[in-house]
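Hey, can you work out the whole structure from these sequences and the hints?
Here the protein sequences come in this chain order: E and Z. So the first sequence is numbered by UniProt numbering: it starts at 1 and just counts up by one. So the second sequence is numbered by UniProt numbering: it starts at 1 and just counts up by one.
No lab work stands behind these hints, which were simulated from the structure alone. Idealized CB from N, CA, C, for every residue including glycine. Accuracy of the hints is not assured; some may be wrong.
[Said to hold, decoys possible] Over the 12 Å line for every Cβ pair with chain Z, so calculated as not near, a few chain E residues:
1) 331
2) 335
3) 354
4) 405
5) 411
6) 454
7) 456
8) 472
[What the hints assert, rightly or not] Covered stretches of chain Z (chain E as the covering partner; in silico rule of three or more C-beta atoms under 8 Å from a C-beta of chain E):
9) 12-25
10) 53-59
11) 120-134
12) 163-177
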Amino acid sequence: MTGADPHDDRPTSPAPDAEPGPGPEGTEGPDASDGPGAAHGPRAGGDPGDGGTDASRDACGPGAADGAGGPGAGAAGADGPGGPGGAGAGGAAGPGGVAGTDGGGPGADGAPRIPLPRASVEDGGQPLPGTRPAPPPAPLVLDHHVLKSLLGAWALAACSPEETAAVEEHLGDCGGCADEALRLRAAVGLLHPPESLDLDPGLRTRVLQGCLDRRPPRIPVPPWATPYDAETARLDALLQDIGDDEWDAPVRLRWFERDEETSRRTTVAGVIAHLLSVDGLVGVALGLDDPLADLTDPDEPSPARRTEAYWRASRLPPSRTIRAPWRDQTHALVRTVGFTGGTSGGLGVSYGDFVLPLRDAMLDRAFECWVHAEDIAEAVDYPYEPPAPRHLHEMIDLAARMLPVALAARRQVGLSGPAPARHLVAAGTPGRSLRLEIEGLGGGEWLIPLDSPGAIGSADHEVAHVALDGVEFCRLAAGHVTPQEAAAGQVGDRDAIRDVLHAAASLSRM
Amino acid sequence: MTTKDAPPRWDRKMQQRLARGEAAALGELYDRFASLVHGLAHRVLGDERAADGITRDVFAHVWEHPDAYDPRQGPLRSWVAALTARLAVQRLRTTETAALARGGEGSAEELEVRVRRASVAARADYIAHSMPAPLRAALELAYFQRRDYRQTAADLGVTEDEARRRLRLGLQLLSTAHDAGTPGAPPGCGGAA
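Put into structure tokens, the structure is as follows:
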């Protein structure tokens, strides 16, 4: 099979490997050293015997295994001088190799292997299409411009066997096409699979910080927005790396409602739609266009209701196309908080049931972005690391600051017993406290006032001590582990500990 | 490879934002070009840490000299790629020369060959990255997916003539990577900075 030859040839020579390009072959292969000599042989000395044979033998080398001299020669001739040695050398060697082989075929003009037409082509530098007598019976007769148009496909071994044979036949006749064939074959060797997109996520932070140190920004990103900037970039890197079908992978969103585990089934794309919907709340507070403007009641800005509305409104299940609007919105948020600057941190962002200052809302969105990125990573079996310790610390701090309110909310709905009357404290004074010790990178210690959101945590009034790993605590606050399962070291008032762990879980929501 | 043929408007606005000193713009610039920059640098230097270093240098350069880019000269993407290739080849030459001076193996000629080869590889990567998306898609199918040109035509929903044209034109563009210094071979030959 002549047609098989270039196909066999592809993986071995121009195939991408660690070495860039076909350089090594060009320098080491016999063609590069012998080629030009062989090509000159017959032309200069008129000694067709040796030169022609040499050229044929060299050219046939890789093709010989297939027992197909002709096309094999074409390919080998193209590969040999295709190295970066320069167009000049390649041009001289190439047609020699090709024509030499070709000359062996017809044996025109009586004497064996006198490549007269080739010599005239090279000397005159003119392709001589159509002036040559018909080649030996070829299965396919194509005119010059079709053959020329096939050169790219030929170089990539993407023609039919008949076309391959016809092209290679033609290369012996046409110097112009032979030159181009060599160039294109050499170019194939430069194709290279794209480098992996897996950049170290820490590199982004380091590179940006390095830049900002060298030229301080006039419009900085507020420090409370950098965790969001970093987490959205990390998630986006994951999304760029997954295949189309993985966007449909099932994901279960999990959270706690009234101490009950709750969950909702969706897909990877559905999770991004969820993030887009809830991030939109921050956008609304900043005066950006709401992507859900037509879908939801602006007076009822609940994260869950917005998400359900978005899911319902899309006629097709969300797909990879959701990535761009989500990413555009994340960029717009970071950009906008940069402009509104330090003054906007206290602006209120309404979540329906509660309001967070913008700076905390951005932290909350960073936290949610990480939590859901983990959901996605788990669904598509992708490694995913916790946030940078500095960012993790701020997320934990936000959760710790929200605990007193969450404790009060649990009391109000009767999920925990009322605080003993003697412990009720006035706002701004020290109250009964639980020491929350978070271990690991990003950890720290927080004193959680137990009996009133207005009270101040106090070491003197410490009644219990809980120790947890930072990531474990975040999973608890995300509703991904139950208060019973959370691996926590506990000392002291068991009710207080139980209340705080349940309050942490109650911070989770859809 | 995702095809992001960014409109020139994006390039112009990005430059203005960088010039204004907007840190958020720097982040967006990174998000758009980091994988291009890192990939090119890695192709030239063959080393993760060295590629990280070039990535740092490239973004620092753009951030510190946003006016060095002239949107009328072409897309920002090309300019960033050219800058990357230039810095990476420079670093390769420096480190290899230093290794040679310390009595490392090889000769000055071999060093030149390696540097030249790396430049060609960088130019080729850049060309493959910045050629019109339809050409790149055709090459990708024919080479990486091993589709013949008829299958390629069917996959792309174009005529067989058109598929042949795209494959040939794509390779012709790519082959200019060998022609250092000729017009139309963008990276590595000035332009940036």
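Should the label of residue 456(E) as a non-interface residue stand, given a Cβ cut-off of 12 Å to chain Z?
36 Å, holds
Non-interface claim for residue 411(E), where every Cβ of chain Z lies beyond 12 Å:
42 Å, holds
Are there three or more residues in the region 120-134 of chain Z whose C-beta lies closer than 8 Å to some C-beta of chain E?
holds (count 5)
Within the region 53-59 of chain Z, is the number of residues with a Cβ closer than 8 Å to a Cβ of chain E three or more?
holds (count 3)
Residue 335(E) non-interfacial with respect to chain Z [C-beta, more than 12 Å]:
Answer for residue 335(E): violated, closest chain Z Cβ roughly 4 Å.
Against chain Z, does residue 331(E) hold up as non-interface, every C-beta pair farther apart than 12 Å?
5 Å, violated
Once the closest CB in chain Z is found, is it more than 12 Å from residue 354(E)?
28 Å, holds
Verdict on residue 454(E) as a residue remote from chain Z, using beta-carbon distances over 12 Å:
Non-interface label on residue 454(E) holds, nearest chain Z Cβ at 37 Å vs cutoff 12 Å.
Would the least Cβ to Cβ distance between residue 472(E) and chain Z come out above 12 Å?
30 Å, holds
Chain Z versus residue 405(E) - minimum CB to CB distance exceeding 12 Å, so not interface:
Since the minimum Cβ distance to chain Z is about 31 Å, residue 405(E) lies beyond 12 Å and the statement holds.
Confirm or reject the coverage of the region 12-25 of chain Z by chain E under the rule of 3 or more residues with a beta carbon closer than 8 Å to the chain's beta carbons.
holds (count 6)
The region 163-177 of chain Z covered by chain E? Criterion: 3 or more residues, Cβ-Cβ distance below 8 Å.
holds (count 13)
This entry does not satisfy hints 1 and 2, going by the numbered hints stated previously.
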